[in-house]
Structures are given as structure tokens and as C-alpha cells.
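Student: Sequence:
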Amino acid sequence: MRISELLIKWYSISKRDLPWRNTNDPYKIWLSEVMLQQTRVEQGMPYYHKFIEHYPTISDLANATEQEVLTLWQGLGYYSRARNMHSTAQYISNNLGSQFPQKFNEILELKGVGAYTAAAISSFAFNLPYPVIDGNVQRVVSRLFCIEDPINKPIGQKKIREAVDQIFDKRNPAKFNQAIMELGSLVCTPKNPTCDSCPLSIKCPALLNGKVKALPKKEGKTKVKEISHTYFVFKVEDKTYIQQRKEGIWKNMYQFPLLELDVKPETILDHVMEFIETSETPMIQHSYQTKHLLSHRKINANFYTISLHRKPIFLKSNIFEIELNELSKKYPTSVLTQKFLKSCRIDD
DNA sequence: AAACCGGGGAT
DNA sequence: ATCCCAGGTTT
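Take 808 as the starting number for the first sequence in this note's numbering and just add one per residue.
The hints are simulated quantities; they were obtained by calculation from the structure and are not laboratory data. Nothing here was measured: the structure is a model prediction, and the numbers come from that model. Backbone N, C-alpha and C fix where the C-beta goes; we use that ideal spot for every residue, glycine too. Hints may be right or wrong, so weigh each one.
As the list claims (entries may be wrong) - Here are the in silico distance ranges between beta carbons for each label pair:
1. Q1051 / P997: 31 to 41 Å
2. P863 / Q1092: 40 to 50 Å
3. V848 / K1025: 16 to 26 Å
4. F1121 / K1025: 47 to 57 Å
5. I962 / K1046: 56 to 66 Å
6. S1124 / H1093: 25 to 35 Å
7. Q1051 / M1090: 19 to 29 Å
8. S1150 / R978: 31 to 41 Å
9. N829 / D867: 13 to 23 Å
10. D1003 / R978: 21 to 31 Å
11. G921 / Q973: 15 to 25 Å
12. Q1092 / D867: 35 to 45 Å
Full structure from sequences and hints, please.
Tutor: Shown next as C-alpha cells:
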């Protein structure tokens, strides 16, 4: 039996019942694929349900504000995905009559849609013959063809593409794509793959040659930069003061006034005037220290809570007042900020 | 080609 | 501590 037949047969009896597999709605497929970029299925699932409930159609997403969309995306990470989806929904709504594009090249043009996502939408929503290549497929194929070139380099990626083209089933693009990803996810895993129960084991040279564990190969690791964040949490009764990030990490999300440097505790109060002007002599109520790890950053964060009896006389231009409990609910924040908010609730 | 962009789970 | 996850964009 051909590899594609073995795959699809295995898939038909072993597949998980995932919500986006029970629809042909390109909007739902698009949403699920973007949400699952670099994100585990279990992690994305609750967000998928939330979004479908809040925004059942492209028009509903287009009619929302970016702030609402980011609030709903809060905690999932890679927030450019949410900004791009919202922007693209408005584009489709305003310029394409709310009709999702139906050709691969048109889909590939959409913001936040690359080769993988375009192939996924094309095959799952329209059954077009484009093979998907994601982390799962790279792993399965590198083992199935004993590709020793690093899969994160152009040579390795080219060989993966050529290998996939050899086994791709143009007659069953949707099923083939689902099946090969599902195999990578459930059987041909990065660590401790269960080759015993793999439908392709008899056709796997990596298994025959004892190379499963060594494949796929990867080269070069992005190093993690260590940086410092010093946050100023001004409190006046139930009010606080926040700012919106304009670029870079957590763009368009909200945070307590921030200095992106390490400020010695003794000199914290010297910086207050950079954010607000007050007639009082401010005092540090308490401080909270934590480390926050991202894929490319290690943030040493310090939050200093400064309680005031009266509202500041003056706020720096980008800072504005909100109800403390509106943060995270109405103003989307990073998980780092949420960690701080949670620590406050505990020592209440 | 390399850096940037989040967060969490498994090992 | 390290790797990886239904990747994409920018430099």
C-alpha cells in the first residue's frame, strides 16, 4: 500500500475529534490555523471556542475594535496574529464583500498567512491540492526520507518539500494533510515516538537505521537576551494609570508606566516625575519581582506600587487614568502584567 | 540568513 | 535547562 493510503487509513480510525475538522467554513479554518501557529492544540482550543462565540462570522470580527480582539486574544501570545486577523477581516469585509478568497495565491496574500496557513486553508476549506508543511510534517518526512540536512535551513527545507511532493495525495488533499500532521502529533513525536504503533514503520528508513532519535536535525539557536523592566503602579483609591505600547513586543497592548532598564530601589522615587506630577511626597507601598521568559527575551521585571492620596496634578501625555479592575478586562495586557495583578490579589 | 515575536507544556 | 508547538514578518 502507498504511504498516503496507509496514512489516511490510520487517520480515519485514530484521529482526534477537533472542532475545526467538522467544518468547511474558511473563516473557521483560517481562525483555527492562525491560532495554532506555534501553539499547541490544547492551548489554542479554549480561545478558538471563545472567538467563534464572540465572532461567528468574518463580519462580526471586522466590526469589533482591535482592543476588543486583543483582549480576547490575551494570554495566547504572538499578538500580531490577532492584529493581522482583525485587519484582514476588515479588508475582506470592506473590499471582498465578506467573501473569503478561494484561490491559493489570493489566500497567501492575506496578512499573517504564510505558506503553511495558505496550504491549510486551501486544502481544508476548498479541498485544493496544496500540501501543508508544519513542524509535524517536517519531522515525519525527515524521518521517512532520512533527510539529514537541518530542517531550519534552505537546503533541508527544499528536500522536505520535494519529499512531501512525492507522497502527497492530490486526490485527497484535506485528508492527507490532516493525516500526516496528526501522525506527527500523536505518533511520530519529537521525543519517545511510538514507532511500534506507527502505520508507516515498515516504510521508515530512519527506524530501520536507528536514526529516528537523531532526526530531524536543527542548527542554530536564537539566543535569549536578558533585559530589565521597571513598572510604576500608581494607585489612587480604585484608580490607576496605564499606557499603551506603540511598537515592538506587546504592541498596542497596555501596561503600567514602564522604564525599560534596571532601576535601583533607592532611586525609584526619583523617576516618578517622568510619568506624573503630584503635590504629595510619594512612597513605595510594596514591590514585586519576577522573571518572565519569552522565546527570545528573559525579562527581569520589578513592579513598584506607589499609593497616592490625591490624583496627580499632571499626567505625561501617553498616560491615562482607568479603574484598576478594568485592566485585563477592557485593556489587554501581557501575561507578565497579569502575573503582577494576580500577586496583588493574593496578599489582599 | 538572522532576528523578532509569547506563552506554556513535556522531558 | 532545553526543546518544541497546525509559523510569519521584518531586517
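Student: Hint says 47 to 57 Å; check whether the CB-CB distance for F1121 and K1025 agrees.
Tutor: holds, 52 Å
Student: State, for the Cβ atoms of Q1051 and P997, whether the hinted interval 31 to 41 Å holds or is violated.
Tutor: The hint (31 to 41 Å, Cβ to Cβ) holds, given that Q1051 and P997 are roughly 38 Å apart.
Student: Taking 19 to 29 Å as the hint, is the beta-carbon distance of Q1051 and M1090 inside that range?
Tutor: Between Q1051 and M1090, where Cβ atoms are some 27 Å apart, the hint holds.
Student: Is 13 to 23 Å a correct range for the gap between the Cβ atoms of N829 and D867?
Tutor: At roughly 20 Å between Cβ atoms, D867 and N829 fall inside 13 to 23 Å, so the hint holds.
Student: Within 31 to 41 Å or not, the Cβ separation of S1150 and R978?
Tutor: violated, 56 Å
Student: Is it true that D1003 and R978 lie within 21 to 31 Å of each other by Cβ?
Tutor: Because 30 Å falls inside the window, the suggested range holds.
Student: Just to be sure I understand the hint, the distance between the Cβ atoms of G921 and Q973 should be within 15 to 25 Å; is that true here?
Tutor: At roughly 23 Å between Cβ atoms, Q973 and G921 fall inside 15 to 25 Å, so the hint holds.
Student: Between I962 and K1046, is the Cβ distance one that fits in 56 to 66 Å?
Tutor: 58 Å Cβ-Cβ, so the 56 to 66 Å window holds.
Student: Quick check on a hinted range of 40 to 50 Å for P863 and Q1092, using CB atoms only.
Tutor: holds, 45 Å
Student: Honestly, do S1124 and H1093 meet the 25 to 35 Å range at C-beta?
Tutor: Holds, since S1124 and H1093 (Cβ atoms, about 28 Å apart) stay within the stated range.
Student: Please test the hint of 35 to 45 Å on the beta carbon pair from Q1092 and D867.
Tutor: 42 Å Cβ-Cβ, so the 35 to 45 Å window holds.
Student: Taking 16 to 26 Å as the stated bounds, is the beta-carbon spacing between V848 and K1025 within them?
Tutor: Given a distance of about 22 Å, which is inside 16 to 26 Å, the answer is holds.
Of the numbered hints given earlier, the model fails hint 8 alone.
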